[in-house]
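Asks: Here full-length UniProt numbering is used: the first residue of the sequence shown is 1, the next is one more, and so on.
One should not assume that every hint holds.
With a Cα cut of at most 27 Å, we get these calculated BS3-like pairs of lysine-lysine [said to hold, decoys possible]: (1) Lys253 - Lys224; (2) Lys253 - Lys63; (3) Lys125 - Lys232; (4) Lys84 - Lys266; (5) Lys242 - Lys17; (6) Lys266 - Lys242; (7) Lys35 - Lys17; (8) Lys17 - Lys52.
Listed next, with one range per pair, are the computed distances between beta-carbon atoms [said to hold, decoys possible]: (9) Ile30 - Lys253: 51 to 59 Å; (10) Thr57 - Asn250: 47 to 55 Å; (11) Asp134 - Met1: 52 to 60 Å; (12) Pro252 - Arg68: 36 to 44 Å; (13) Ser118 - His58: 51 to 59 Å; (14) Gly29 - Glu139: 49 to 57 Å; (15) Asp202 - Lys253: 50 to 58 Å; (16) Glu223 - Arg28: 31 to 39 Å; (17) Ser89 - Leu51: 41 to 49 Å.
Keep in mind that the hints were calculated from the coordinates and are not lab data. Don't be surprised by glycine CBs; every beta carbon is placed ideally from N, CA and C.
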Amino acid sequence: MQTGKIVKALAGFYYVKNGDDVYQTRARGIFRKRKLSPLVGDIVDFESDNLKEGTITHIHDRKNSLVRPQVANVDQLLITMSIKNPNFSFYLMDRFIAYSESHGIDPVLIITKIDLNSDEALQDKIKETYNMYDIFFTEKDTVNESLKDIFPNKLLVLAGQTGVGKSTLLNTLLPELNLETNEISDKLNRGKHTTRHVELIDKNGGEIADTPGFSTIDFTHIEKEDLRFYFKEFNDYIDNCKFRGCVHINEPKCAVKEAVNNGDIKESRYNSYVEIYEEISNYKERY
1 MQTGKIVKAL
11 AGFYYVKNGD
21 DVYQTRARGI
31 FRKRKLSPLV
41 GDIVDFESDN
51 LKEGTITHIH
61 DRKNSLVRPQ
71 VANVDQLLIT
81 MSIKNPNFSF
91 YLMDRFIAYS
101 ESHGIDPVLI
111 ITKIDLNSDE
121 ALQDKIKETY
131 NMYDIFFTEK
141 DTVNESLKDI
151 FPNKLLVLAG
161 QTGVGKSTLL
171 NTLLPELNLE
181 TNEISDKLNR
191 GKHTTRHVEL
201 IDKNGGEIAD
211 TPGFSTIDFT
221 HIEKEDLRFY
231 FKEFNDYIDN
241 CKFRGCVHIN
251 EPKCAVKEAV
261 NNGDIKESRY
271 NSYVEIYEEI
281 SNYKERY
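Work out the full structure: start from the sequences and follow the hints.
Replies: Here it is as structure tokens:
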């Protein structure tokens, strides 16, 4: 019996790394009966007599898992958004952050194309609104070198809108891919009619998930009453609400709403919370 990490999943095969070797394996049928699928990032036990034939026998407990892309045990989500072309959206950023927090994953904010921005106030507002998170600002077609310091001993996943510079970021962080930016989608088999897969690439003592990425998210996995815990700045006020279990929508003497009125919580963040809360409420009513 051996133990390793799944570093790639493709066409029913799981490629498990143990030391310097990577084994091609399949999962035991019992996992299908349990409706449990191995994911890239999983720590697994497996049996194998050679590098081409192996069987996964046990999946270790996960600290988290994403549905799309299908990755487990993620340490940080690199949320990438441009300041221009397309324009920065506080609401979309809030959605990605809440999604990340709901999975117990630390978000890192990467703001690209700042050389296209002539409004310094916007950049200052971004810093102020998200001062509880690590933020990196990069210019078009370049990457903040400090980003490379976040890799050691971490599994990272990239997320963000189409056109914000994720390909440039990936290419710069992983120069060993040796790809032209506009060729990345084709070279990594990401055309519209090709099979998409997830693969972990070693980098600076950590790993980054080379994935098709994801630019849209939903919150079907969240109970509306739990959403409040995924807006980090609310935590300083939750215990001061009059009613236990206050969800900060219509309740009187709500400390969170008072903090918004006093300017201690950004109104844009609260408005995003309300909009996502209503979205989740509609999910539950529909299903």
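Asks: Quick one: which hint numbers does this structure break? Sort them smallest to largest.
Replies: 2, 5, 11
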